Amino acid sequence: MRRGSPWLWASALVAYAFLYLPLLIVVVYSFNDSRLNAEWVGFTLDWYRKLFADGDMISAAGNSLLIGVTASLASTVLGTMAGMAMHRYRLRLLPILILAPIAIPEILTGVSLLIFFVLLNFTLGLMSVALAHIAFCIGFVAIVVRARLAGMDESLTEAARDCGASPGRAFRYVTLPLIMPGVIAGALMAFTLSIDDFVITFFTAGAGTVTLPLQIYSMIKISVTPEVNAVSTLLMLLTLLLIVTAAKLSPTLLRSDRET
Amino acid sequence: MPARRPTRLAKWLISGPPLLYLLVFFAAPTLIMVLASFRSPGEFGGLAPLVDATGRIDLNVDSYVRFFTEPVFFQVFVKSAWYAALTTVVCLLLAYPLASLIARSGKKHRDLLLLLVILPFWSNFLIRIYAWMIILGPNAALARLVNRVLALFGAQPVPLLFSSFAVLVCLVYVSLPFMVLPLYANLEKHDDALLDAAQDLGANAWQRFWRITFPLSLPGVYAGAALVFIPALGIFAIPDILGGPDDTLIGNLIKQQFLETRDWPFGSVLSIMLTLAALLLAGTAAWIGRRGAGDSRA
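From first to last, the protein sequence lines stand for chains A and B.
Position 93, counted from 1, in the first sequence is what my numbering calls 108; the numbers after and before it change by one each time, with no gaps.
Position 129, counted from 1, in the second sequence is what my numbering calls 132; the numbers after and before it change by one each time, with no gaps.
Some clues are possibly wrong.
[Claimed, not checked] Now the stretches of chain A that chain B is said to cover, found in silico as 3 or more residues with beta-carbon under 8 Å:
1. 104 to 118
2. 194 to 202
[Claimed, not checked] If the Cβ cut is set under 8 Å, some of the chain A residues that face chain B in the computed set are:
3. L38
4. I122
5. L129
6. I130
7. L139
8. L141
9. M142
10. L146
11. V214
12. I237
13. V239
[What the hints assert, rightly or not] The calculated DSS-like cross-link candidates involving lysine-lysine, where the alpha carbons are at most 30 Å apart (straight line), are:
14. A:K263 x B:K110
15. B:K111 x B:K14
16. A:K236 x A:K65
17. A:K236 x B:K82
18. A:K263 x B:K192
19. B:K82 x A:K263
Derived by calculation from the structure, the hints in this document are not laboratory data.
Bear in mind the structure is a predicted one, so any value in this text is a computation, not a measurement.
Here a beta-carbon is modelled for each residue, glycine too, at the ideal position from N, C-alpha and C.
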């Protein structure tokens, strides 16, 4: 094994600092007793207090939560089916439809759904956002579930069937428990993607519906305020928890080079 | 796997629902957008009626003609491609040492180092943009330092925020993990024996890198370049928030057409052109990658 030279370590350190310092600054300034995000003045929890008293923010968080739960539940069911189908059968169309929304620029999914909903006279709001989120989450769940199935011994399901279990019972009592970590990881991932999504939500939410990212967007378009730091810190904490849990359940999630 | 009795039915039962959902909520909207690009804009935004009062059907290529005849749109595409290319190069320079370090470290540290690269990607996109608003803001230490140095040379103070510089820094920031991952995946598979052999034959570190490591890593470089370049091409939030008036990229143009001008047909043409550009690039990268990989599929 070749060891990294000091030069290599130094440049890697710079890269890690580049990745983490900006986020660290957001967190640190959320506790700063100054309106300006410019220099450290003193410790305060005022911005968090302000945050929890902000009605717009609370209702935006409620919307995000509602959409996130709906989208992750629906996309987990559909994505698990898709992952199983892709694992078991040679399919042509489904893999393309699974990967395309992940591969093409997000803005295209956003605007095409906008045209679609408006032409169908479908009112833009919580429902249209949730439907859009399900569409782009299915693929991520399917990939995680398929990776889990690839590492599983298929003969177990076969054995259950040979012992007389119906396909439904074989799935319920053998396959599902075995792929459960992958399914839960996929669900957590879908929830994270949904709660974080800005671009597709931006185009499909319409005028009256605000989610957390949309609320953050309209706040930072007007001015920089430490209240945004506070909500960002909480959101990052939530995402971190979800993703670390998902990664524990499905180790392939964080090793994009393998299997998938 | 052995075929069981009614597999056809089972196949449709599990692949049907997700297939149907994606056909309705992904394929159909995309198709509708293609159709919309051949229509005229409506008087109050959206689309004109398909059949007008005189009974003429509204199908034309006006928006395509406009795209190809007004040079300003082509210029925006070139500018977007330029920003995306710069982002790709800077990401490659930052990612290469990082990826090689991770690939060389022991198994125990490797997963942690990799996790540290991926984690920021999972924080909210807007938060990562917002972070740069703080860092580059006019009252922040960085801007004051830069302008103090500039003042020493008698130069006018420059704003860091709302500039092309801000857009590029943030583009690099959000894209970096996408360059590190495929590079790492490639470098991890390299055989050290090759480097040892080269060293025994008298190649110095520089030669070993350029003649062995780098050529072998090209498939990873192409994959990373595609993963960075294509999303960067269609980005709109970063120039929208951090950019100045000159930083209108394709994404901003598309957003304008749909939410401000409300010229759907032209917005659709722009979206289709962006998709074609992305597909062309992805195809090219895959082709070069496959050819470059040759026998040593890495």
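Taking the hints in turn, this is what the structure says about them:
Requiring three or more residues with a Cβ within less than 8 Å of a Cβ of chain B, the coverage given for the stretch 104 to 118 of chain A holds, as 9 such residues are present. Check on the stretch 194 to 202 of chain A: 0 of its residues sit with their Cβ under 8 Å from a Cβ of chain B, so the three-residue criterion for coverage is violated. Interface hint at L38 (chain A): satisfied, since its Cβ lies 6 Å from the closest Cβ of chain B, which is below the 8 Å cut-off. Look at I122 (chain A): its Cβ gets to within about 5 Å of chain B, closer than 8 Å, so that hint holds up.
For L129 (chain A), the interface hint holds, since its Cβ comes within 8 Å of a Cβ in chain B; the closest pair sits about 6 Å apart. For I130 (chain A), the interface hint holds, since its Cβ comes within 8 Å of a Cβ in chain B; the closest pair sits about 6 Å apart. About 12 Å separates the beta-carbon of L139 (chain A) from the nearest beta-carbon of chain B, more than 8 Å, and the hint is not met. For L141 (chain A), the interface hint is violated, the least distance from its beta-carbon to any beta-carbon of chain B being 16 Å, above 8 Å.
For M142 (chain A), the suggested interface contact is broken, since its CB lies about 12 Å from the closest CB of chain B, more than 8 Å. Given hint, L146 (chain A) at the interface with chain B, holds; its Cβ is 6 Å from that chain's nearest Cβ, closer than 8 Å. Because the closest C-beta pair between V214 (chain A) and chain B is about 7 Å apart, less than 8 Å, the hint holds. Interface hint status for I237 (chain A): violated, as the beta-carbon distance to the closest one in chain B is roughly 11 Å, over 8 Å.
The interface hint given for V239 (chain A) is met, as the beta carbon of that residue sits about 6 Å from the closest beta carbon of chain B, less than 8 Å. Under the criterion of a C-alpha separation no larger than 30 Å, the hint pairing K263 (chain A) with K110 (chain B) is consistent with the structure, at around 17 Å. For the hint pairing K111 (chain B) with K14 (chain B), the CA-to-CA distance comes to about 41 Å; that exceeds 30 Å, so the pair is violated. Taking the CA atoms of K236 (chain A) and K65 (chain A), the gap is near 19 Å; set against the 30 Å cutoff, the hint holds.
Distance check on the hinted pair: K236 (chain A) and K82 (chain B) sit about 24 Å apart at the alpha-carbon level, within 30 Å; holds. Simply put, K263 (chain A) and K192 (chain B) have alpha-carbon atoms about 25 Å apart, close enough for the 30 Å limit, and the pair holds. Simply put, K82 (chain B) and K263 (chain A) have alpha-carbon atoms about 42 Å apart, too far for the 30 Å limit, and the pair is violated.
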